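Novice: Got two chains here, each in a separate frame; can you build the complex from them with the hints?
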Amino acid sequence: MTTTTLRPPTRPTAPARATHQAERLWKASPLTWFGLVLGVILSLFPFYWMIVIASRTNDAANSWPPPFLPGGKLGENIERVLANGDANVVKGLMNSFLVSGTITVATVFFGSLAGFAFAKLRFRGKNALLLIILASMMVPIQLGVLPLYILMAKLDWLNTMPSVTVPFLIGGFGIFMMRQYAEQAVPNELIEAARVDGCSTWKVYWHVVMPALRPAAAVLGLLTFMEQWNQFFWPFVVLADPSNPTVQISLRSLNTAYFADNSQIFAGTLIATLPLFIVFVLFGRQIIGGIMEGAVKS
Amino acid sequence: MSLDLHATAPPEPRPPRARTSHRRASSATKLDLKYSPYLYVLPFFLIFAVFSAYPIAYTVWIALTDRSPLNATISFVGLDNFVELITEDPQFWNAVVNTFGMFVLSTVPQLMLALMLANALNRKLRAQTFFRMAIAMPIITSTAVVALIFSMIYAKDFGLVNWLLDSVGLDPIDWRANRFASWFAISTMVDWRWVGYNALIYLAAMQSISKDMYEAAALDGASRRRQFWSITVPQLRPTIIFTLIISTIGGLQLFTEPLLFTSGSGGLSGGSEGQFQTITMYLLDVMNQRFRWGYAGAVALVLFVLIALMSTVNYLLARRISSDK
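Chains as they are written, first to last, in UniProt numbering: chain A, 1 to 298; chain B, 1 to 325.
Simulated from the structure, these hints should not be mistaken for lab results. Model, not experiment: these values are computed from the prediction. One or more of the hints may lead you astray.
[Claimed, not checked] These stretches of chain A come out as covered by chain B in the derived footprint (C-beta under 8 Å, 3 or more residues): (1) 114 to 124; (2) 200 to 209; (3) 242 to 255; (4) 280 to 292.
Just so you know, even glycine gets a beta-carbon here, dropped at the ideal spot from N, CA and C.
So here's chain B without its partners, still in its complex pose (with noise of 0.2 Å):
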């Protein structure tokens, strides 16, 4: 780096022109130091504010209206679209319950499995390198790839998990047809993706816990487990809320493994009954196979409410947890 700036910067002696080339330079380098701060952020600003900002504005518009592309005129209905999404549409419901059920459904299980992987991988082991590279090469995998995999392994015929099943004795399960097995088999594509991110996001908290308070805790008599609960949990109480907040953001975003478990088209429908549409889902339904824009726009703006809701939830919850130790 030394040598750069020895190329960049000779400092040449040359007394007249010197002087003027450098009152010029320093008002010069005024103007530079003011402004160009402003040019080395504005590409993202651009962007944001035609990609991002100008359309959540003009969502929360055309929530008010009753936007089509079938609409000759457009007209403002106030906030008909939020009444009626709220009180008389069971399909909305259908799918913010089948959300919010898958979101459980995986999220406990993956933070608490992520956990107990990170604090395996905190131990002293052999090929420490390969458990982590394996532990994390789910997350190169694309959604669409998990699903597609996944939609075999719990297809009703020949399925890798039916055959299971059937060699233990038990029934095969048509995991599409039913509710609870199809929110199931979904969440475990959620679980298989991200598992070993969050762990590795705990391990590397795990790693930054002082290793005295556990050398003072086993003298002390104080067992493997209950270490566990009582130091490395609460002190990673943020970083816990951290991938809390990721995944409830995810979570409730829930879209394409749903989607891709149905074969054939007409995914977005989620089952034959909608047993596992979500949120998502149900908006693009309402985009661009119903052609009703202005409650597309309302639809988009309770999931986000519900996002933020969920997420200042978890936020509390986490906090009152870990606070009790």
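Next up, chain A with everything else stripped away, as it sits in the complex (with noise of 0.2 Å):
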């Protein structure tokens, strides 16, 4: 962002006052520093709270008035969440992770294909079929939830991870985000001395176009993962037998069994969302590039 100094030469009226107005313009306010403030600590506090409940025993975290102060049981939680034979979260985990990571790479992959194609290749019907993928993005999947439901029973899937994978390892966001950054990404002229050289257009993909859409793929793979690892609603469905849970569907199993339990649930939560922090941390600003972005282009 650069400030604003150049003026428009119809109004050449007291120079200096408008800039030292624009500057004004744009300094926090004392109330504005003390929403922000207020709004970090609103943000925040959850997750330590998370930590307070989770390094304490189940009565220190139900007693009165309630802790605010991280205890020392951290350890031991997290060893008697991970034993808990009932929610399976070692299992959880390695479950999402393997889902994640599977719809992640295949959303990245078939995104940058499908993408490049709608940017770059001429074919019939290239509208008509963007126009499906759009509409497909509205559509909430409660609304075929059942016949999918009855579908996984049929393919003997229940309870098993290619039901919470294989519907999702390609949607209709992931090849827009794709085809918009293709577009500007990608010169055609380069395109074009790829073709002349004798590429042919898998060549042109892989060796020109996915190059160029590197970033783009980074923030599409960081956003595919964090919503996969969070899914519930479907994974609830058809995940029903604890045995074989995703991390989020051991959190339930732990808030079922054990109600009362709340340094448990608060170690699991912690758990769960341990990894989703560490890409945050690593991550975060191209996290907050590619949201910020996707939002100005739609």
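Specialist: As structure tokens, then:
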């Protein structure tokens, strides 16, 4: 962001005052600061409190007044969660990594491939197909949940990972995002040049387009991983048997079986959040950039 | 990238062979250019056909039958399911009222707060990245995690909110028993997770508004508040419409937060008297607890119609409100 020091020539009156006013206009007032700090505290407090409860005994967690400082039982509580046979948290974690990872790779690959086709290749029915993709993004999963459930039963996929993986291998959002990016980031001349040199469309994709799409692919991958890691509704429907859960379904089991044991539940939420917390610390800027960019384009 | 090109395309001049291979290549190139785009978009359409389009079409069909795993034979019942749902199912209407109540209660403050936060973030700030990161943090949590944390914050006996109420001399509230209290509690869960996300979207849009407008307004003596309502908000109109529609789609599908607000089993009923049962919870209740599959199909279709209807209404409203300016 550059500050506007350029003034249109039609308004030559009191330039000094104008810049001064513009400066003052963009300075944060004390009220603004107060609001922001309050917002930050409200945003972060539940994370802090998660650690407080997860690091205390259950008695201390359910005391009056409620505890506000962390205790020393974090390791113990985490061990208890991991050993909890009803919730299968370890299995849930591994399943979640497997499912989210697979979907992320597939979404980035298929998304960039289709996005390249829509942005740079000519074919009949392109616009109609694009419209279908756009429409598919508006449809909630609830609309088809029952037949989808029946289908999963017929495929014998209930309580298995394919049921929560295969339907989400590629979605409309990924294709749209890659298409938008490919249109701007890959110059047509570059593609023409590669063609003249005898590249097939696949080689153009692999050697020219894909490398240029890398920044967008990274953002799409991060957003997809986060979204899939946090899925709840569909896994709740098809992974009803708690023996083979994703991590979010493990949390539900903790809540069902041990509704009084809040320190264990909170240790579980901490475990389920930690991988995404690490991702956020490492790639927070890209994630925020991705959200902001996606919004401007849509 | 130019390096890649050189590596993949060595122009070797071999006259006699080059001609035949060139001809073969050109017909292959034609095929390649003509058909490979379809191949590249095929994965989406395969998945879409099998796991979206087919189930949706099937939902329409199933809603016209009395299909159930308990029925040996399936018979066609026409619109009976819809008639029953709309005219003689108070529990469905209860779920509709709950869903809309929580939707309004969460969406309005959510978008207002996001606007205010974005406006604050749009100022000259020290530690800008820190503020953005902190405000975006909640989106890394899952709805399940949010629901569990807030369930304890709103606990009746040792909850944080009741402690706060107590320390200012107010009576504690049983957040699950009272209908409005439960709506309020669930709405705050939704808001906590999504305010920062929406604020970032608004911030992105605000940064593309020309600063000249504000300067001109400031010269004319417009206060900051006036500038916000007369420049920022109207300029954000498309973005506000976008967030409203996203929130509508999400809000009317509300499920995880109310489900986990009840600890123990039986979460689908949404409280002792269904005071916070949403349409999606009711849908699963009909489908997996009562095994009335045909009826569940009708519920799903009505839910979709409601979402489409509300999105349109919101779109029209948002368009009108800001074009007054």
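Novice: Checked against the structure, which of the hints given earlier come out wrong?
Specialist: Structure breaks no hint.
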